[in-house]
Each structure stands twice: as structure tokens, then as C-alpha cells.
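Peer 1: Protein chains in written order, with my numbering: chain C, 5 to 77; chain Y, 60 to 517; chain W, 3 to 405.
Treat the hints with caution; some may be incorrect.
[As the list claims (entries may be wrong)] For the chain C half of the interface with chain W, some residues (derived, Cβ under 7 Å), not all of them:
hint	residue
1	Gly16
2	Cys21
3	Phe22
4	Val27
5	Met30
6	Ala47
Derived by calculation from the structure, the hints in this document are not laboratory data. Remember, predicted model here, so these are calculated numbers, not experimental data. Glycine included, every Cβ here is placed at the ideal spot set by N, Cα and C.
Here is what each chain is made of, one letter per residue.
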Amino acid sequence: MRIVVDLNRCQGYAQCCFLAPDVFRMQGEEALVYLPNPEDDHAAEVRRAAVACPVQAILVEGPGLVEGPVSAA
Amino acid sequence: MSAPAPSVDRIVIVGASLAGLRAAETVRAEGFGGHLTLIGDEPHEPYDRPPLSKQVLTGWIPAGGTALPGRRPLDAQWRLGVAATGLDLERKEVALADGDRVPFDRVLIATGTRARRWPNPEEAALDGVLGVRRREDGAQLRERLAAGPRRVLVIGGGFAGSEIASACRELDLPVTLAEAGRAPLVNALGHAIGGVAAGIQRDHGVDLRCGVTVVSLESDPGGAVRGALLSDGDRVAADVVVVALGAVRNVEWLDGSGLAVGPRGVACDAGCRAFDANGVTTDDVFVAGDVARFPHPLYAYQLIALEHWDNAVAQAEVAAHNMVCPAPQRRPHLPVPAFWSTQFGVNIKSVGIPSFSDSLMVTQGSMAERRFVAAFGYRGRITAAVAFDEGKWLDFYDERIREAAPFPPRFAVSHRPGEDRTFPAEFPDPYTPSHSPTVQLTGHQPSERRALRLPAAQ
Amino acid sequence: MADSTVFQQVLDPAARADPYPLYARLRERPVWHEPDGSFVVTRYRDVAALLHDPRLSSEPPGGPDVPENERSFLFLDPPEHDRQRRQANRHFGPPHTPRRIHDMSPLLHRHVDDLLDGLAGHDRIDVVDDVAYPFPVTVICDVLGVPREDEPLFHPWADAMVAALDPAPDEDPEQVRRHTLEARREMSEYLVALARRRAAGDDDGSMFSGLVRTQEPQWRMTPQQQIRTAVLLLVAGHETTVNLLANGMLTLLRHPDVLDRLRDEPDLAAPMVEELLRYEPPVQLLVRRTLDEVEVAGTVLPQGARLHLALAAANRDPDRFADPDRFVPDRPDNQHLGFGSGIHSCFGAPLARLEVQVGLTLMAQRLVAPRLAEDPPPYRPNALLRGPRHLPVTVDGVRPAAG
Chain C
5 MRIVVDLNRC QGYAQCCFLA PDVFRMQGEE ALVYLPNPED DHAAEVRRAA
55 VACPVQAILV EGPGLVEGPV SAA
Chain Y
60 MSAPAPSVDR IVIVGASLAG LRAAETVRAE GFGGHLTLIG DEPHEPYDRP
110 PLSKQVLTGW IPAGGTALPG RRPLDAQWRL GVAATGLDLE RKEVALADGD
160 RVPFDRVLIA TGTRARRWPN PEEAALDGVL GVRRREDGAQ LRERLAAGPR
210 RVLVIGGGFA GSEIASACRE LDLPVTLAEA GRAPLVNALG HAIGGVAAGI
260 QRDHGVDLRC GVTVVSLESD PGGAVRGALL SDGDRVAADV VVVALGAVRN
310 VEWLDGSGLA VGPRGVACDA GCRAFDANGV TTDDVFVAGD VARFPHPLYA
360 YQLIALEHWD NAVAQAEVAA HNMVCPAPQR RPHLPVPAFW STQFGVNIKS
410 VGIPSFSDSL MVTQGSMAER RFVAAFGYRG RITAAVAFDE GKWLDFYDER
460 IREAAPFPPR FAVSHRPGED RTFPAEFPDP YTPSHSPTVQ LTGHQPSERR
510 ALRLPAAQ
Chain W
3 MADSTVFQQV LDPAARADPY PLYARLRERP VWHEPDGSFV VTRYRDVAAL
53 LHDPRLSSEP PGGPDVPENE RSFLFLDPPE HDRQRRQANR HFGPPHTPRR
103 IHDMSPLLHR HVDDLLDGLA GHDRIDVVDD VAYPFPVTVI CDVLGVPRED
153 EPLFHPWADA MVAALDPAPD EDPEQVRRHT LEARREMSEY LVALARRRAA
203 GDDDGSMFSG LVRTQEPQWR MTPQQQIRTA VLLLVAGHET TVNLLANGML
253 TLLRHPDVLD RLRDEPDLAA PMVEELLRYE PPVQLLVRRT LDEVEVAGTV
303 LPQGARLHLA LAAANRDPDR FADPDRFVPD RPDNQHLGFG SGIHSCFGAP
353 LARLEVQVGL TLMAQRLVAP RLAEDPPPYR PNALLRGPRH LPVTVDGVRP
403 AAG
């Protein structure tokens, strides 16, 4: 599975961290770090994180799915 | 009766990183059904670089674990691990290092940048002297840090150097950061905010040396680096030295191509079409990403070169669109530049170009508390804003920059900083040698025949 | 007597069952100036921008009736808002407590299963009274570490608090106020006693226990702030989640094809809840006050103006959402405003989201042939916090819990 977060759009709402804490972590109040290539067994959690992102900053490509912002703009 | 426009059947993208990938996706998304080739000098599928100075170094992820997701299937030919060595505009071919020549109807130059090497080749070759740009660099540096060096010396206090120092402190490693300017991050954010960054670094235990350059690197008898001599006479003992002195544009392969190429990149118009050496817009050559220099009306039409992740994506999308659309549907690339860096637990974000300013004002929060928004202005108009852990407010400033709203901004907010004053924005003179600029403002007279190439040092 | 404005019609209880045609009319103008001097902003672009505008305040206008040190962070501005929200979040979410909500998932499943077990053999249920209402109260009590036997105390308290936020038009405001203050006092007294217990050593690892036991000065809330924060979570975590659940089940029952899909594809729950937040947001309007002149789409709002941000209107703005009046459970690019945005975006969102995903999925899976008995159902009078008062549903039975 491959993930990229548009960290310019990201404003640190951290909804992804609540939903997939093994993949998304906050460093400090607003700074997000994440696992770009997590194991596939995280797929469901990561997909939930992508739909929950209030700024739709998470792009996910995994087994059979491409989820995320249509364009970076 | 005019001849019909030539058909575009073959698109070649030189550069297979973030910009190249996004351009390829956009070209397909817009319905291009012809032959698509991506050429990349690294033997890897496109991968994301920012983690290489952060969570790769702390060991949370392996250097090979930053592959970028694709947004759609590409149906493209990938030529990875082979560098482009020339561009022939007459024959419309890209020359490759393996002797091959790849024909195109339209070509996108997205070859990006590479880390500036340490200027002394012997010292650069010492064991333990590393840069961080590529996946292999990240892997190497991670290995060195995991081995528990006695001290790491980071040369250059720009964003990359600061992030690397932050990772070292996360690993509880002693780290010295040597910065030629008065404070870290000064080229991008100026002296006032640089001062805040300096405080944060020192509070996290970084041995921060400002106003010094590294004169030479010293080695032990076995050829491993053991330390450095600083310009103030001090010596720093270190067994890992990270050179974070900014980036060099990958433009050497375009020597002799006839394009407007220089050390600051390939000049193009607002629609991402490259200029030739006379400043005339080409038809079929496009540029996007770190390697591009483009004019921006918000910044007095100066040619701007950005090393921002956001710009690589947005510009690639505009260039790709313009490569395949009918002429009346061309779009300009007119971003409000946006940037982020995470270091020492702080989320630093900026919109606009802070160095394009004469004054700044803290509009929200406080620099003393290290949580604030500062607005920058040039001749009475707002040109940028920088936030430290206050990223949710930047949409507002983005809008003010787009409108060229008045500066200083005189609006009442709840979180009034102690003083309501502006002070001069001090940035290092861009024409003196400096470390790691992330934004380069250049003037470029279209009447010039050719940009003056500086001797290629690395 | 003057005709009521479109906004006044939205607030009128007669519109409660379907205010969306009125919201569509509201969107015809970006800004409305109401007879009471307040303004209404209706379009997505403008509402989203204002939620990030530092010139707006969330503090009550002209002399708050509750002094600042007793106000929860919902009604505070920076810097105090930011400070208290961070302090509360320390025991709720990342970076310090990243797994609390995530690890509650099995517990949430059990709560809903227990509630549904209690309905076995019924052929008619009330989704509000039987599931949507009790479930969130139980969950908040879990998060705060309120002993199970004391839970029933919280229901009437929570009800009274919400009435104060958005009084029904026909209620005597003075009576409502007194009732609310009394409920607040009783709830606070209860929490003070609980806080004392936790601080004395009976640490159950709950969020409230963490709040009261924090020692470091920069993380420590005053005892008053601790209570206010707990009260806020109870009030905000209750009514809104009840409504999201009830509005959600109502929407599913009106779209039986989606209900069927959810039964077979539990993965649909996540995007579907986001679409519910867009389509039927439990918080329909937010209120702000301008600290300076603010220009919105060509209209200059004066300083000190009261401003309504119509989230429910913005969420169906055709300039932002394709086919906005269609409920599309896997809608892509769903950047809705159902949880607000900016620094005041819903603090409890991760918990609400999980509750509603679990609640709706289990109802879809376990209720046999559910049908709406009344459409539209009776609504609570509140216009800001909108939802059915009852949701009567006939069922052919309740399947036993899985596993």
C-alpha cells in the first residue's frame, strides 16, 4: 500500500492519527509524520483515515483502490 | 490557409520523481492516448523525498519505504536508471546515457535538483561525509546514525539541515549545526523568525553555531572524517558530517540544447513552456518542478524558482494540461507558493514568498511562545505569511496574498501580540554565497541572448 | 406584521423536517442582513473562509453571562481557547494519547449490541429512545470514567444544557435559563466529587482522571476548567451524536438500497458517515461575532456583528458539491463542513465518527426488514442542533449479535 499526504493542505486536525495510529503520528501539536508504505493489513484503517481527513489531503493506492484528492490544487 | 496543428502522439517526460509522475497522470487524465515515456536517472519508481530527512533517519521507516502512490494507471514506458544527456530540439529527441535516443512531439523537463556537494572533492570523499537527497543517501545516513556516532556535524542551517539536526536530537545524538547566516532558516524566513528557530534548536540541545562557515574537514589516518575547522577558529569533533548546503539544478544535460538554461534552472513562461536562449517561447518544450524558473505577477513578474513539494505537483499539472490541450484552453501556473517543514516538534508553514518583503509583523500569537503567525509585506502589500504551529489560519493569509491586501494588516483579532508594530524584514543578500536557499528570486532580461553559466563545480 | 425572512423561516419549527429548500433559497444571496441586526452567510466558499478568519470571535457577545474562567473552550478565543483545548486533548488524542478512541471500538460494539439485544422480540422500536439517545451518553461516561450506576443522572442534565444553547421559540427563556443553571450546578457538583476521588488515587485511566491528575504547570487545567471541559464533552458529545445517529438512520431508511449495501459492505460505513455529515449535519448553524470589519462577497460586516454560518446550506452548495441534494454514500472529494473547520473544528469528531459508524452498521446488520413508521418523524424544535425527537421503525425482528 502506498500513501502520500499533501502536507501543505494538512492543518493538523489529526483525524488520521485517531483512526490509524500505527500509520499516522503527530509530532507536537500539528506536525504529522506517517508511514508511506504500510503493510496491507492496515488497508481498512488507512482508507478510513483518508475519507475522514477534513482537508482531503491523503492519497492512498493499495490493493484495488485509489482513494484521495482528485488533484493537489 | 494555415497548416493544421501538428498532432501530439509522443510525449516524453524527463524526470521520474514527483513532478514527472504527476505530469504523466495528468496527461492521461486529460485523455492523451498516445505514447508516453518517463525517463529517470535513479533506478527507482517515483518516491517521496521529505521523509528522507525525518522519519527515515529516526528509523521509523526504511529508506526504501517512501514509494509514491499513483493516482491512476499510466500505460507508459519507463526508462529508469538511465540519465538523459542531451536534448536535440531540431530532431526532437532526448539523448540517453546508454546511447539511445528517444523521439518526442512534446517533452517535459522535470529533472529537479541534486544536493550540492562539499566543494573540496577530497574532503567530500571522506568516509562519513554525506549528503541527503536520494534514497541511498537516506539509507546511508540512517545507518550511520543508528551506529551511535559520538557527534554529528550538520553543515547548513536551512530546512534540510535543521530537520536532520532534529532527527539527530530525537535519537539523542549530540549534534552541532554550523550555519553561515545569523540564524537557521534565514534565507527563507528572515532574521526575525530565524531567531525563533535558533531558540527552538538550542532548547532541544542542538549545539548551534551561527555566523560561521566550515573551512575544512579533517580526517583520521584511515580516511574517515573526524571533525571540522570552523571559520572562527573552533574545531568540532564529529564522525558523521552531513552536508546540507542546498540544491543544484540538474541542467547540465541541457548544455547546447538552445534553451534558456542557467544555474538557477530552465526559464519558462507562465504556462510552463520553456524559453529558448533568446527568450522566445518554444512550442513543444515544457518545464515543471524544482528545475523551472517561471514569472509570477504577484512578485513583480520576477522569475521564481521554488523547491517546494507543492509547486512540483501543481506546476506539473499545469504543464501537463498545457501539453495536451488546445491553445485557447491553456492555463497559467500562478500559485501562491506554499511550504512546510516539521522539525523539533514544530510545524512550520508558509504561504507566499517571505523573502519578497521589506517588513514583517506578528499578527497572531507570539514569537516568545513560539506559536505565531507573521505577515510579510512589500511596499504596502502583503506578500507572505509564516506560521509556527498555527497552520489553521494560513488559508486566511493565502487569500490576502492573492488579493494583494494592504500591509501592514490592520485588523483586530483576539490573539493580539504584545506589540502592534512592524519591523524591517532582514534577509541575507542573495548575491553573497549562502547556504540552502529554498526560493531564488532572479531578474532575467528577455533581451539577453543567453544566461551566463557559472563554471559547473559539482 | 412583516413577512418573516428566509432565515426566520429556517428557524421556525415548521421547517424542521425539511429545511433544505429554504437553505437553497438562502444561498441565492451570499449574505443576508436580518432584522435583528445579525448576518447570515450561506455559501461554501465564504463559510469555509470565515471559519479560518482570525477576525471572528466565538465568545458570547456584549458581556457574557458566564465569566471567562467558567466558560468552556467552545466559547473562548485564542490564546485561552488554544491553551485549554491542548490541555484537554492531552488526555484524549495524539500526540500524547493516540490510541484511546481507536481502542474503544470493541467497547462501542458491545454497547450497541447490548442495546439491540434488549429489543429482541419487538416489532416496533424507536431508534432515538432505544439506541441513538442512550448510546452516546454511555460512551461519554466511559471516556470520562463516570461509574455506570451514575450514568442515569446525566441524561436530564444533558437535556437541560442543550435547551439553553438553542431554546425552542415557545419556551420562556428565563425559565430555561434557571433550569439550565441548576442542571449545570448539579452536574458540576457531581464532577467535583468524582474529581476528588480520582485525584486522591482512584485513577481509572479515563480522560477525566488524566485531567485532574495532571501536575505539570503547562498542562494543568484549573479545577474549574476541568469541570467545564467535562461538562462540555458531555453536552457536546451527547446531543450532536444522538442527532447524527438518528438523522443517519432516517436517511438510510429513506434509501433502502444503501442500507442493504451497508449490511453487506461494512467498509461503506466510513465514507457514508462523512456523507451524512454533509447531507444532514447535526449542527446546522454556527454563531460568531466580528472583532473588526469583515468583507464577505462584497458586503462589509461591521465590527461587533453577530454572524450565522449556515453549515447546512454550505454543505449543499452546488458550486462545491456535484448533485448536492443527492445522498451518495461513497461520494469522492467530500470536504464537508459537518464538523466545522479551523481551530474550533469538532473536538469529539473521532469519537462521534466511530460511534456512528458502529451504530449504523450494527443496526443495518441486526434489524430485520426495518421500515419507517412515520415519515417525516417528529423533530426536536431546535434549529441549530437538529434531529428527530423520535424515530419509530417497524421491524420483523432483531438478529442475534455476531460471534
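Peer 1: Now, for every hint given, state plainly whether the structure supports it.
Peer 2: How the hints compare with the structure:
Taken as an interface hint, Gly16 of chain C does not check out: its beta carbon lies about 10 Å from the nearest beta carbon of chain W, beyond 7 Å. Look at Cys21 of chain C: its Cβ gets to within about 4 Å of chain W, closer than 7 Å, so that hint holds up. Checking Phe22 of chain C against chain W: minimum C-beta separation of about 4 Å stays under 7 Å; hint holds. Proximity of Val27 of chain C to chain W is violated relative to the hint, the smallest CB-CB distance being about 11 Å (cut-off 7 Å).
With a least beta-carbon distance of about 4 Å to chain W, the hint placing Met30 of chain C at the interface is held under the 7 Å criterion. Hint status for Ala47 of chain C relative to chain W: violated, with the closest Cβ pair at about 10 Å, above 7 Å.
Of the numbered hints listed earlier, those contradicted by the structure are 1, 4, 6.
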